Amino acid sequence: MKKKERAQEIFQILDQQFQDAHCELHHQSPFQLLIATILSAQCTDVQVNKVTPLLFKKYPSAKDLAKAKNNDVEKIINSTGFYKNKAKNIILCADQINQHFKGELPKSIGELTKLAGVGRKTANVLLGNAFNINEGIVVDTHVKRISNLLKLTKHSDPIKIEKDLVKLFERDQWTKISHLMIFLGRKICIARRPKCNECSLNKICPSAKL
Numbered sequence: 501m502k503k504k505e506r507a508q509e510i511f512q513i514l515d516q517q518f519q520d521a522h523c524e525l526h527h528q529s530p531f532q533l534l535i536a537t538i539l540s541a542q543c544t545d546v547q548v549n550k551v552t553p554l555l556f557k558k559y560p561s562a563k564d565l566a567k568a569k570n571n572d573v574e575k576i577i578n579s580t581g582f583y584k585n586k587a588k589n590i591i592l593c594a595d596q597i598n599q600h601f602k603g604e605l606p607k608s609i610g611e612l613t614k615l616a617g618v619g620r621k622t623a624n625v626l627l628g629n630a631f632n633i634n635e636g637i638v639v640d641t642h643v644k645r646i647s648n649l650l651k652l653t654k655h656s657d658p659i660k661i662e663k664d665l666v667k668l669f670e671r672d673q674w675t676k677i678s679h680l681m682i683f684l685g686r687k688i689c690i691a692r693r694p695k696c697n698e699c700s701l702n703k704i705c706p707s708a709k710l
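Taking this note's numbering, the leading residue of the sequence shown gets 501, the next gets one more, and so forth.
Derived from the structure by calculation, the hints contain no laboratory data. Worth double-checking, as some hints may not be accurate.
[Stated by the list, open to error] No more than 27 Å apart at the CA atoms, straight line, and that leaves these computed lysine-lysine pairs for DSS-like:
#: 1; residue 1: Lys703; residue 2: Lys654
#: 2; residue 1: Lys676; residue 2: Lys695
#: 3; residue 1: Lys687; residue 2: Lys614
#: 4; residue 1: Lys557; residue 2: Lys567
#: 5; residue 1: Lys584; residue 2: Lys567
#: 6; residue 1: Lys503; residue 2: Lys660
#: 7; residue 1: Lys614; residue 2: Lys602
#: 8; residue 1: Lys703; residue 2: Lys502
#: 9; residue 1: Lys550; residue 2: Lys687
#: 10; residue 1: Lys569; residue 2: Lys588
#: 11; residue 1: Lys550; residue 2: Lys676
#: 12; residue 1: Lys644; residue 2: Lys607
#: 13; residue 1: Lys667; residue 2: Lys651
#: 14; residue 1: Lys644; residue 2: Lys654
#: 15; residue 1: Lys676; residue 2: Lys503
#: 16; residue 1: Lys569; residue 2: Lys558
#: 17; residue 1: Lys644; residue 2: Lys567
[Unchecked claim] Label pairs and their computed distance ranges (CB to CB):
#: 18; residue 1: Lys651; residue 2: Glu611; range: 32 to 40 Å
#: 19; residue 1: Gln547; residue 2: Lys654; range: 29 to 37 Å
#: 20; residue 1: Gly603; residue 2: Leu710; range: 50 to 58 Å
#: 21; residue 1: Gln547; residue 2: Phe631; range: 24 to 32 Å
#: 22; residue 1: Lys651; residue 2: Gln599; range: 40 to 48 Å
#: 23; residue 1: Glu505; residue 2: Ala708; range: 12 to 20 Å
#: 24; residue 1: Lys703; residue 2: Asn585; range: 41 to 49 Å
#: 25; residue 1: Asn585; residue 2: Ile704; range: 39 to 47 Å
Owing to the predicted nature of the structure, the values given are computational and were not obtained by experimental measurement. Just so you know, even glycine gets a beta-carbon here, dropped at the ideal spot from N, CA and C.
Kindly produce the complete structure, drawing on both the sequences and the hints.
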């Protein structure tokens with residue numbers, strides 16, 4: 501079976517298994533999703549979701565957050581790790597959105613990645629989930645590990661992995677495939693203790709240990 505055909509089979513199987521696969525960062529606006537995604541670096545979505553209710557209650561918009569003091573934000577987000585740098589980035593990011601985009605989030609990879617704390621992964625999360633724009637595939641630790649286990653790529657660099665994956669999946673699948681792999685990684689293909697016997701992909705996964 502050709503790699504693209506196998507990728508499509510993988511998508512169909514996972515899409516059937518995880519019909520509720522979605523972004524698990526809580527948010528009520530594109531801006532809140534952007535900030536939550538920046539905070540999720542080196543941190544779990546569960547932990548981010550514990551701090552964002554207070555953060556967004558106090559600073560619901562880019563205009564509000566841009567006026568925040570670093571110490572105040574640091575106290576709220578300290579449990580997400582690297583909180584000093586994250587606080588500085590999200591305040592600056594909010595200010596940049598106000599200064600350069602009149603408080604509205606840009607909708608292109610190029611413009612988004614010019615914002616403080618925003619890399620390609622974060623930009624892809626925002627575009628795919630807030631605006632339904634498929635510009636690329638989010639490559640987090642789960643997608644990186646699982647795409648390698650499935651032999652869909654041989655790379656460790658997220659940019660190279662993304663380039664491989666976009667060739668194998670249809671554009672309208674790009675946002676969904678990352679959610680599917682993330683759900684698989686969190687629930688079944690768990691790092692260090694994968695449940696291969698319970699995995700719906702075990703018959704076509706080159707790395708399955710049955």
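Structure-based check of each hint:
1. At roughly 20 Å between alpha-carbon atoms, lysine 703 and lysine 654 fall within 27 Å of each other, so this suggested pair holds.
2. As the CA atoms of lysine 676 and lysine 695 are separated by approximately 22 Å, the hinted pair is consistent with the 27 Å bound.
3. Straight-line distance between C-alpha atoms of lysine 687 and lysine 614 comes to about 34 Å, which puts the hinted pair past the 27 Å bound.
4. A hinted pair counts as satisfied when its Cα atoms are at most 27 Å apart, and lysine 557 with lysine 567 qualifies at roughly 14 Å.
5. Our distance criterion of 27 Å between C-alpha atoms is met by lysine 584 and lysine 567, whose separation comes to about 16 Å.
6. At roughly 16 Å between alpha-carbon atoms, lysine 503 and lysine 660 fall within 27 Å of each other, so this suggested pair holds.
7. Using a Cα cut-off of 27 Å, the hinted pair lysine 614 and lysine 602 holds, with the two alpha carbons roughly 15 Å apart.
8. Using a Cα cut-off of 27 Å, the hinted pair lysine 703 and lysine 502 holds, with the two alpha carbons roughly 16 Å apart.
9. Restraint check: the Cα-Cα separation between lysine 550 and lysine 687 comes to about 21 Å, which is no more than 27 Å; the hinted pair holds.
10. Note on lysine 569 and lysine 588: the hinted pairing holds, with a Cα-Cα distance of about 9 Å set against a maximum of 27 Å.
11. The straight-line distance between the Cα atoms of lysine 550 and lysine 676 is roughly 25 Å, inside the 27 Å bound, and the hint therefore holds.
12. Only pairs whose Cα atoms come within 27 Å are accepted, and lysine 644 paired with lysine 607 is accepted, the gap being roughly 25 Å.
13. Distance restraint check for lysine 667 and lysine 651: the Cα-Cα separation of roughly 14 Å lies within the 27 Å cut-off, and the hinted pair is therefore satisfied.
14. Distance restraint check for lysine 644 and lysine 654: the Cα-Cα separation of roughly 10 Å lies within the 27 Å cut-off, and the hinted pair is therefore satisfied.
15. With a C-alpha separation of about 19 Å, the suggested pair lysine 676 and lysine 503 falls inside the 27 Å cut-off, and the hint holds.
16. Between the alpha carbons of lysine 569 and lysine 558 the distance comes to roughly 12 Å, so the proposed pair stays at or under 27 Å and holds.
17. Between lysine 644 and lysine 567 the alpha-carbon distance is near 37 Å, which puts this suggested pair outside the 27 Å criterion.
18. Between lysine 651 and glutamate 611 the C-beta distance comes to about 35 Å, which sits within the given range of 32 to 40 Å.
19. Between glutamine 547 and lysine 654 the Cβ separation comes to about 32 Å, which falls inside the hinted range of 29 to 37 Å.
20. Checking the proposed 50 to 58 Å range against glycine 603 and leucine 710 shows it holds: the Cβ atoms sit about 54 Å from each other.
21. The hinted window of 24 to 32 Å between glutamine 547 and phenylalanine 631 holds, with their beta carbons roughly 26 Å apart.
22. Remark: the range hint 40 to 48 Å for lysine 651 to glutamine 599 is upheld by a beta-carbon distance near 46 Å.
23. The hinted range of 12 to 20 Å is satisfied by glutamate 505 and alanine 708, whose Cβ atoms lie roughly 18 Å apart.
24. For the pair lysine 703 and asparagine 585, the beta carbons lie near 44 Å from each other, so the given range of 41 to 49 Å is met.
25. Our hint of 39 to 47 Å for asparagine 585 and isoleucine 704 holds, since their Cβ atoms are close to 41 Å apart.
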